[in-house]
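S.K.: Protein chains in written order, with this note's numbering: chain H, 1 to 113; chain V, 1 to 112.
The set of hints was computed from the structure by calculation and includes no laboratory data. Errors might be hidden in some of the hints.
Said to hold, decoys possible - List of simulated lysine-lysine pairs, DSS-like, C-alpha gap at most 25 Å:
hint, chain 1, residue 1, chain 2, residue 2
1, V, K5, H, K57
2, V, K57, V, K104
3, V, K57, V, K15
4, H, K71, V, K42
5, V, K104, H, K57
6, H, K14, H, K71
7, V, K15, V, K58
8, V, K58, V, K68
9, V, K42, H, K9
10, V, K71, V, K58
11, V, K42, V, K15
12, V, K15, V, K68
13, H, K9, V, K104
14, V, K71, V, K15
15, V, K57, V, K68
Small disclaimer: the values here were computed from a predicted structure and weren't measured.
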Amino acid sequence: NAGVTQTPKFQVLKTGQSMTLQCAQDMNHNSMYWYRQDPGMGLRLIYYSASEGTTDKGEVPNGYNVSRLNKREFSLRLESAAPSQTSVYFCASSDGESYNEQFFGPGTRLTVL
Amino acid sequence: QQQVKQSPQSLIVQKGGISIINCAYENTAFDYFPWYQQFPGKGPALLIAIRPDVSEKKEGRFTISFNKSAKQFSLHIMDSQPGDSATYFCAASVDSGYALNFGKGTSLLVTP
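Required output: the full structure, derived from the provided sequences and hints.
M.R.: Next up, the structure:
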């Protein structure tokens with residue numbers, strides 16, 4: 001039982017390049033989330049998927065797209081990376097039931113030069 | 001707009017002391033208040049959570065105190081240990097919703 005896994009762990013991109021961050025969970029959770037964490041800013045929600053087949057914008061969605069590939073997997077895509085997207089990205093999942101306890105992955109540290 | 005305000009930004013406590021982190025919120029619809037703990041290089045993990053129908057919840061050395069009228073809640077770490085050194089985030093959400101609104105975090109250092 002691996003919980004929430006993310007790949008890659010580290011990535012360096014040049015401005016304008018694209019990439020996809022992968023996330024998978026093995027807890028049979030309905031809901032999945034993408035956050036970014038920046039120093040002094042806490043965790044900010046980028047996108048979430050309440051259930052398979054649905055996605056919704058969070059607090060900071062600009063510059064990102066997501067795909068809920070199936071119940072297990074939720075990917076985050078940067079189409080044209082910008083230095084402002086340098087951050088640590090966390091994927092999380094929850095069963096979508098009451099109290100919304102979210103389980104986080106280990107994170108992807110992304111640097112955009 | 002930050003929906004949950006957390007203080008202090010950083011905290012240094014001696015081993016055996018009490019660590020106190022405070023959070024305040026404005027949205028009266030919030031009815032779930034978790035605290036997350038994050039060690040360097042790791043993702044956050046749920047530490048303890050409370051609902052507003054109780055004023056206090058204790059799990060081991062960790063206690064949440066909740067003041068509904070003041071719209072404030074706090075985390076108390078009793079007998080703080082060097083292993084408690086981490087970043088702590090408070091959060092709040094509406095039970096039926098999906099978004100956890102996080103505070104900006106408190107970096108706790110417990111000195112030997």
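S.K.: Are there hints from earlier that the structure breaks, and if so, what are their numbers?
M.R.: When the structure is compared with the hints, numbers 6, 12, 14 turn out to be violated.
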